[in-house]
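Quick mapping for you: the protein sequence lines, in order, are chains A and B.
The number in our numbering is simply the position in the first sequence, starting from 1, with 802 added.
The number in our numbering is simply the position in the second sequence, starting from 1, with 25 added.
It is possible that some hints are incorrect.
Under the rule of at most 30 Å between Cα atoms (straight-line distance), these lysine-lysine pairs were calculated in the BS3-like manner [claimed, not checked]: (1) A:K1030 <-> B:K365; (2) A:K1035 <-> B:K278; (3) A:K1035 <-> A:K853; (4) A:K1035 <-> A:K1092; (5) A:K1092 <-> A:K1073; (6) A:K1035 <-> A:K1008; (7) A:K1092 <-> A:K1008; (8) A:K1092 <-> A:K1030; (9) A:K1073 <-> A:K1035; (10) B:K365 <-> A:K1073; (11) A:K853 <-> A:K1073; (12) A:K1073 <-> B:K278; (13) B:K365 <-> A:K1035; (14) B:K365 <-> B:K278; (15) A:K1008 <-> A:K1030.
In case anyone wonders, no lab produced these hints; they're calculated from the structure.
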Amino acid sequence: MAAWRDLQHDLAEHGYVAGDDLAMALHLSLRLGRPLLLEGAAGVGKTEVAKVLADLQNATLIRLQCYEGLDAGHAIYEWNYQRQLLAIRAAGERGEAGADIEARIFSEDYLLERPLLQAIRQDRPPVLLIDEIDRADEEFEAYLLEILSDFTISIPELGTVHATARPHVILTANGTRDLSDALRRRCLYAHLGYPDRAMELAILQKRHPGLEPHLSGQIVGFVQALRKEDLDKTPGVAETLDFAAAVAGLGMSDLTEDPVALQATLVTLLKTQADRARVPTELAQRLAGKAA
Amino acid sequence: MAGVTRFPARAAGPAERVAGFMAHLRMNGLRLGVQETATALEALATVDPTDAGEVRHALRAVCTGNADEAARFDDLFAAYWLNRGRERAQPAGGDSAPTRHQRTPFVTEALSASGQGKGTPDQPEGGEGAAEQQGEGRLVAARIAQLKRTDLREMVSPEDIAEAEATAERIARAIRDRRSRRWRADPHGRRLDLRRIARGAVATGGEPIRLYRRARPERPAHIVALLDVSGSMTVYARVFLAFLKGLVGADLKADAYLFHTRLVRITDALRDPDPLRAVNRLTLMAQGFGGGTKIGGALADFNRFYARARVGGRSVVIVLSDGYDTDPPDRLAAELARLKRRGCRIVWLNPLMGWQGYAPVARGMAAALPHLDHFAAAGTLDALAALEPELARL
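Using the sequences and the hints, build the whole thing.
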C-alpha cells in the first residue's frame, strides 16, 4: 500500500477521517519537510489535523494562536525584564562590573521562550501548529517567513539559534484576509471543504461509535440539508458532533419523534439569533423527515 | 484509476512534461516559480507516478495556493494530462460544498484572442433624456450624445482614467482610522517599553533613567468596493474600474467586486501584473455587462460567500451604483441590514446624484438609504475627489 494511504489509515485509527487530498498533502509535507497550509471554513477540522498528527507521531504539539497585534515578543522570545532589572540592582550593590552584569542578564536564564523558539529547540521534531495565521498582521508573516525558510532565529544579544529538530509545521487560515504570495509559496496547500455525506458519516461513527446507524444517518442527512439553507454561520463538523452528542444525550432514537426536543438541540448547530429564526420547527421537521 | 499519463512523442521525459505542466498552469494565472517545479518533481518521487489520482493530489498540494486555484486545478490537470478532461479518474474531493467563488472559464480565456468582446455598451436606460437636457453629470453624461456607439474603453481619455486611479489612491490613503493592536516605539506613547528601558538601564548602572514609550499606531481601514456594471451604469463603468484599480493598488487589503445580475470578485484580476491578461480576465468576468441589475441578489451573494471572511469592524464597504434594481427593494434593504451587522460602514456612491434635481427616487435607493453611513455623488471626478475628507471622517 502506498505510504500516503498508510498515513490516511493511521489518521483514521487516531480518530481523524481525512480525504485523499488532505492525506496526500500531509504525506508530502512530512516527506519534503515543507510547512502545510490548511484553509477552509470554521469547524471543518483544520486544527484537529495537527493534534492528531502529534498524537500519531508521539510528538509534542506546540501551538501558536495568532491574533491581531501578535508580535515577536509573544511569538518568538522575550527577555524577562523584571528579573533583569532586579539583577542589575542587586549586582550594582555588590559592585559588579557592567560587562559581567550584561553578560549575565542576557543569558538563557533570563530568556522567556515563546512557541516559535520553543519549537526549534526540541530534541525530537515537534508538531508546530500556527493557528489562524490570517488573523496576525503582515509584519508577523514576515517574521514567520524567515523562520519557516531556514529554521533559525537570531537573538541579537545571544546569537543565532539553529534548529535542533525541524518541526512539522501546520498553518491554518480561514480567509480573514489574503495571505502573501511569499508565504503561500513556502507552503504546501490543502483546502478543506465541508465533508460529503459518506465522509461525515464516517467521522460521526469514529467519534460516536455507540450511535445507531439509522440515527447517525439521519443526523448527517439533517446537517447536510441544513448547510444548504441560507445561514449566517454554516454548521461545521464540530457542530455535527455536538449535535450528535446532544441527540444521544437526550435519548432520542429518531429525529422526527419529538419536535420540541429537536428544536432544543438546534442550539448546538445554529449559533446566531437570525439563524435560529430562519429554522422554525416546521422547517426542522421537514429537513429531519427528508434526512431519514 | 486507469488514467495513465501518455506522453506525446515530442516530450523528452517526465521532467520536461512536468515543466510543461507548470508552464500550462502559469499561463492560466497560477503564480508558480522555478522552485515549485523542483518541488513538484520531488513530490512525484514520493508517490506512484502511474496513478493519475495520486499524481493529481500531489501536484495539487504543491501547485495551488488558495481555494480558488484548488477548485480550478482538476480541470487544468485534466486538460493537460488527460487530453482535455476526456478521462476523469475521480471527482474532486471535498468539492461538495457550494461553489465559494464564481469560477471563470480560464482555459477558454487562455485560448481566446486578446481583449475583444465587451461589445458595444447599451445606452443608459435611466435618465438619458435628463442628461441631455440638464447636462450636470459632467464626466460622461454630457458626452453621451456622441458616444452612443463608442466602445467602452474609448469612453474617456487616458488622463481621466489616470486621474480616477490617482483619486482612488488618495481616498484609500485617507480612510485611515481605527488604531492597531500592535505597539510601536513612540516618544509620546502611553505605555512604557520595558524592553528598551532594561537595555538602557544597563548603561546607567541599573537606574532606568531614560524612559522609552510605546503607542498604538493608526491603521488604515479595509476597503471593499462593489461596482454596478449593469446597463444603466455602463457609461461610468470604465472610470469606476480605474477607480477600483486605484483602490486595490493602493492597499493590499482592499477588495473589489463587479455585479450586474450576479457578483464576481475581481481583486485578483485587477492586481494582475500583466495588463493584457487583466483585461482578458475582466472581459470574461464581465459577461452580462450592460444587462439588468439585481443589487439585492448580488449583495446576498456577497453576504453569503465573501462578507463572512472579508468584512469586519474595520471595513468600509463602498457601493458604486445608481440604485436601479430589478429585485424588490425590501430585499436590498434586508441584505444591507445584514451586511451592516458585520460592523462595517457602508458608503453608497451614486453617479446620478450629480445630476440637477435628482432625488433618490429609485425604489431600491429609497429602501437602502436608512442603512447607509454616507450617500454621495460620484458622477464626476471632482465629486470623487471631494469625497476624500468625508470618507476620512467616517
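So, going through the hints one by one against the coordinates:
A distance of roughly 23 Å separates the Cα atoms of A:K1030 and B:K365; the hinted pair therefore holds under the 30 Å criterion. Of the pairs offered as hints, the one joining A:K1035 and B:K278 holds, with about 23 Å between alpha carbons and a cut-off of 30 Å not exceeded. At roughly 25 Å between alpha-carbon atoms, A:K1035 and A:K853 fall within 30 Å of each other, so this suggested pair holds. Taken as a hint, the A:K1035 and A:K1092 pair is honoured in the structure, with Cα atoms around 22 Å apart against an allowance of 30 Å.
Of the supplied pair hints, the one linking A:K1092 and A:K1073 holds, its CA atoms being roughly 23 Å apart against a limit of 30 Å. Proximity of A:K1035 to A:K1008 is assessed by CA-CA distance (about 25 Å); at most 30 Å being required, the pair is judged to hold. Distance restraint check for A:K1092 and A:K1008: the Cα-Cα separation of roughly 24 Å lies within the 30 Å cut-off, and the hinted pair is therefore satisfied. About 13 Å separates the Cα atoms of A:K1092 and A:K1030, which keeps this hinted pair within 30 Å; it holds.
Proposed proximity of A:K1073 and A:K1035 is supported: the alpha carbons are some 7 Å apart, at most 30 Å. For the given pair, B:K365 sits about 18 Å from A:K1073 by alpha-carbon distance, which is consistent with the 30 Å threshold. Proposed proximity of A:K853 and A:K1073 is supported: the alpha carbons are some 25 Å apart, at most 30 Å. For a cut-off of 30 Å, the pair hint linking A:K1073 to B:K278 stands: about 28 Å separates their Cα positions.
In summary, the hint linking B:K365 to A:K1035 is supported, as the alpha carbons are separated by about 16 Å, within the 30 Å threshold. Between B:K365 and B:K278 the CA atoms are separated by roughly 19 Å; this keeps the pair inside 30 Å, and the hint holds. Under the criterion of a C-alpha separation no larger than 30 Å, the hint pairing A:K1008 with A:K1030 is consistent with the structure, at around 24 Å.
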